[in-house]
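Asks: So the protein lines, in turn, are chains A and B.
Number 31 in our numbering belongs to position 31 of the first sequence; there are no gaps in the numbering.
If you want our numbering, it's the position in the second sequence, counting the first as 1, plus 200.
It is possible that part of the hints are untrue.
Said to hold, decoys possible - Quick partial rundown of chain B residues pointing at chain A, CB under 10 Å, derived from the structure: (1) 226; (2) 237; (3) 245; (4) 247; (5) 253; (6) 258; (7) 271; (8) 277.
Since the hints were made in silico from the structure, they are not lab data.
Where a beta carbon is used, it is the ideal one built from N, C-alpha and C, also for glycine.
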Amino acid sequence: MGIVSPGFRGRRRPAGATELPPGQYLTEDFPVLSAGPTPRVPLDRWELLVTTETDQQYRWTWSELMSLPTESPVVDLHCVTKWSKLATAWEGVSLDALLGGVETAAEYALVSSYGGYTTNLPLADLLDGRAWIAFRYDGRDLVPEHGGPARLLVPHLYLWKSAKWVRGIRLLVRDRPGFWETAGYHDYGDPWREQRYQGD
Amino acid sequence: MTGERIDDYLDGNDLAGPLAELFAVDVTVATGRCASCGLAGPVAMLRVYPHAPGLVARCPGCEEVMLRLVRTPDRAYLDLRGMLTLAIPLPA
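Chain A extracted, bound-state conformation (with noise of 0.2 Å):
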């Protein structure tokens, strides 16, 4: 037995309840939200830049994605507009593999996708196995709808942080917010703080 006791393992709670974010539905559906219409991106044309705060850029090409190792999350998602679905399985790469070899003094990240989304998090946030670049999901190839080729996950935070149809991180000395964040959301967006508008 470790020193740790079993006390201190967390809340109680019912067998077969589910302990969801604030303000928060349960959900067994995928529903599909979007800005606009569906990129589709061909995979020969495919790649993802990483820009840092001296103009520095990192690409990879879809074949460079797919030699990084793969990891295989399997993580709960929260959307602002309160619908959550749990133990969604997916496969992607860290974002850890990809930034690890990128020299930045940037604390921010603002990410873009095909079709002109953006938004903006901390980059400690995109970092130590919370963020992915995912382009599988329940075992199969990332549909367009739900961002595939390619979308960036990062499921810590509101849904509308992991952009669909990834394509640029732009990395920052200063925070910049991104299309949402410009239009009342949340800067940060943590789903069990309820950070869901500014001033939350």
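Knowing the structure of chain A, use the given hints to seat chain B on it.
Replies: Just chain B now, with coordinates in the frame of chain A:
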């Protein structure tokens, strides 16, 4: 009135209700000019994507964003950056 559903977007008539909360006139009958491609037409003809954290209305010509509206519990955020002008009919 609910706009016709076309693929995954609606027409601009679906902006009437949410914008009526902000404007004294029916903005859907106004003529908006796209800041990106210059196309002018009634706001009712914009392509509205409602399945999102806010309403996003795009130009039917170039698909750039012309209007965004986010309604929080205590305020509305209206972004008209993509709308070069909005010509609103008024009584002569």
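Asks: Now tell me, hint by hint, if it's right for this structure.
Replies: A quick look at each hint next to the structure:
1. At its closest, the beta carbon of residue 226 (chain B) sits 23 Å from a beta carbon of chain A; the interface hint therefore is violated under the 10 Å criterion.
2. With a least beta-carbon distance of about 14 Å to chain A, the hint placing residue 237 (chain B) at the interface is violated under the 10 Å criterion.
3. At about 16 Å, the closest approach between the beta carbon of residue 245 (chain B) and any beta carbon in chain A exceeds 10 Å, and the interface hint on this residue is violated.
4. A hinted interface residue such as residue 247 (chain B) counts as satisfied when its beta carbon comes closer than 10 Å to some beta carbon of chain A; here the least separation is about 8 Å, so the hint holds.
5. Look at residue 253 (chain B): its Cβ gets to within about 5 Å of chain A, closer than 10 Å, so that hint holds up.
6. Restraint check, residue 258 (chain B) versus chain A: the minimum CB separation of about 6 Å is within 10 Å; hint holds.
7. For residue 271 (chain B), the shortest C-beta to C-beta distance to chain A is roughly 8 Å, which falls under 10 Å, so the interface hint holds.
8. Interface hint status for residue 277 (chain B): upheld, as the beta-carbon distance to the closest one in chain A is roughly 4 Å, under 10 Å.
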